[in-house]
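Trainee: Sequence:
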Amino acid sequence: MSDVAPPEAQAAKPVSPLAKVLANAGQLLSGRVVNAIVGLAYIALTARSLGKELMGVVVLINAFAQFLGEVAHFQSWQTLITYGTAPAMEGDRPRFQQVLRLSLLLDLISGVLGTALGVLGAYLFWRELQWPADMTGYGALYALSIGVMTSATGVGLLRLFDRFRFLAGQQAVSSLVRMIGCGVCAVTQAPIQWFLLAWAAGTFASFFYIAAIAIWDLNKRGLLKDFTLLGPTSHGLPGVWRFAMATNFSSTIDVGFTHVLTMVVGAVLGPVQAAFWRIGRQVADGMAKPARLMVPAMYPELAKMRASGGQQAMTKLALQIGLIGGGAAGVLLLVSLLAGRWILEIVMGKAYGAAAGVMNWQVAAAAIGVMTLPLEPMLVSMRAAGAALAVRLVVVIAYLAALVPLINTFGLAGAGAALVASALAMAVGMYFMARRRLARLATEDDSARTTKDDEGPSYDHAHGV
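In the numbering used here, the protein residues as written are 2 to 466.
Among the hints, erroneous ones may be present.
Label pairs and their calculated CB-CB ranges [to be verified]:
{"id": "1", "residue 1": "Gly327", "residue 2": "Val269", "range": "30 to 36 Å"}
{"id": "2", "residue 1": "Ala402", "residue 2": "Gly138", "range": "30 to 36 Å"}
{"id": "3", "residue 1": "Val429", "residue 2": "Lys351", "range": "37 to 43 Å"}
{"id": "4", "residue 1": "Gly52", "residue 2": "Phe126", "range": "23 to 29 Å"}
FYI, nobody ran anything at the bench for these hints, they're computed from the structure.
Cβ atoms here follow ideal geometry from the backbone N, Cα and C, with glycine treated the same way.
Produce the complete structure using the sequences and hints provided.
Mentor: Put into structure tokens, the structure is as follows:
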């Protein structure tokens, strides 16, 4: 990477893409194991201290803020990796800084927009969201944390430069701050607004941690030399705004969808059932998290393969990750079916054992996602984010159209069963889109090789791809 690459990288031995993905995922896992334990601890402290009703209010306020954060949140880290990998590999510092400038601009836009929507929404829609009237102001204050939910540029930089050991601490820092704050609140028998402050403090701590590490790493690599916030952003980067919008909407639908479900459950069934849904989802996500950590570790490797024309290597890596994910998915579902209720009652208390039924549906949906987790990263790395967005949009619209009738008829079980069906539909759609895109790239590569037959050895052969 010329002046972009760290000195130690120049002497490093070649490592297979799968080994690199697993090693980086392992580093993330070390932090997420701590985060899973600490995360359940602060949720348990909140639940046991406030009771089911007020715990449900905290869950709904947090879901509202996180939903708006995701709605406004550009996935600038994907833009940074997709468009910044080639200039980083070539040592083109001005072009890399241009991509960095664009990524920071996307973060700024999303932070300001999300905060404004959050504060206004808290005052305008508190009744629809089932908040008590006296919680409106606190909900608006909590929405200020939306402005620092967008540390995407910092995350992208650390992923691009294989600084996964620092990323391992991101969620752990947030959960640790929340646990300490909730612990103090529990001991002092503080009211609900102080628990909300503790949860918001974790978001701020995570943002400043990532920002500090990213700035340090950029400075160490000399990438901040002559860098200014004013200058070209999208010039000479064809399709970058379309790509940024597609990845933003796709992520908004994916992550925001989770919080919409919580809010819909709360609006239809009340705060107690919303708490059951949120707790079940927390455990399901925690069980699936180790396998899902391979996804952020895959993006840099896929981007490098795409930049060097290694489509066959991309397919091979995706298949390897899919097989590993399939094994992990089976274990997840078995643990949930056999020990799910016991886990909930031990961690959260006897009153929350009733969430085990819906949690099994949520774990099943997560397991399907784990089995097919390489598909969307492949589409994004091939700059086909629009195809991934189309699949996600169709599936989510169908799910939301059926959600309220299913909840009214079957309760939480109806929402859980539909979640499994949507996960299956998403997997099938992503598979066919990825297959079609790979076939198209193979055709384009064949045409390019035919054209260059008389111009010397191909790029792939020259670089050993």
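Trainee: Now, for every hint given, state plainly whether the structure supports it.
Mentor: Hints versus structure:
Judged by the Cβ atoms, the range 30 to 36 Å given for Gly327 and Val269 holds: they are separated by roughly 35 Å. Between Ala402 and Gly138, the C-beta spacing of about 34 Å keeps the proposed range 30 to 36 Å intact. Against the hinted window of 37 to 43 Å, the Cβ-Cβ separation of Val429 and Lys351 comes to about 40 Å, which satisfies the hint. Between Gly52 and Phe126 the beta carbon distance is about 24 Å. The supplied range of 23 to 29 Å therefore holds.
When held up to the earlier numbered hints, the structure conflicts with none and fits them all.
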